[in-house]
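J.: Sequence:
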Amino acid sequence: MGYIEDLRAKVGHSPLILVGVAVLVFNEENELLLQQKINGQWAIPGGLMELMETTEDTGRREVLEETGLQIGDMQLVGVFSGEEYYLKLDNGDELYPVTIAYLTRDIRGGILQADGVEGIQVKFFELDQLPEEFNPRIKELLSRSLSVHGIGRFEGGGRT
Numbered sequence: 001m002g003y004i005e006d007l008r009a010k011v012g013h014s015p016l017i018l019v020g021v022a023v024l025v026f027n028e029e030n031e032l033l034l035q036q037k038i039n040g041q042w043a044i045p046g047g048l049m050e051l052m053e054t055t056e057d058t059g060r061r062e063v064l065e066e067t068g069l070q071i072g073d074m075q076l077v078g079v080f081s082g083e084e085y086y087l088k089l090d091n092g093d094e095l096y097p098v099t100i101a102y103l104t105r106d107i108r109g110g111i112l113q114a115d116g117v118e119g120i121q122v123k124f125f126e127l128d129q130l131p132e133e134f135n136p137r138i139k140e141l142l143s144r145s146l147s148v149h150g151i152g153r154f155e156g157g158g159r160t
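Numbering (the working numbering), first residue to last: 1 to 160.
Read the hints as simulated data drawn from the structure, not as lab findings. It is possible that part of the hints are untrue.
As the list claims (entries may be wrong) - With a straight-line Cα cutoff of 25 Å, these simulated DSS-like cross-link-like pairs (lysine-lysine) come out:
#1 Lys-139 <-> Lys-123
#2 Lys-88 <-> Lys-37
#3 Lys-37 <-> Lys-123
#4 Lys-10 <-> Lys-88
#5 Lys-88 <-> Lys-139
#6 Lys-37 <-> Lys-139
Please build the complete structure, drawing on both the sequences and the hints.
T.: Written out as structure tokens, the structure reads:
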């Protein structure tokens, strides 16, 4: 059993503050890697931190687990938190995530493939052809990340 499962066994569905990581992965063609979740929405690879991990370790682990790619160096984009990020999951669990976002262009290996558990496909997208079916919480993160790094502005299904 992992850290989150251990916590949930003790506190049930009560709200928790949890640290998560999201990683914007760009390839050599400046395309952004996205993962299509089981619910059909597209999202940035990432997930919750486990005990004894750094946030960078979490980002690398989650990208590998969810996409099959091994990444190296990452740049900090920002930290996202607050009431607007509150989540109530289908199972009743409540959480207020603190999401630390990174950007990387350092793809070191692996085979691009969805894990089949959290995601049904992974794909690189040109920035002006991003899918419309985004997790709403991802839009601000993506918008700020692209503008901070001088890549452009995200406005829903594309870049301006």
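J.: Any hints this thing doesn't respect? Which numbers, in order?
T.: Going through the list in order, the structure violates no hint and respects every one.
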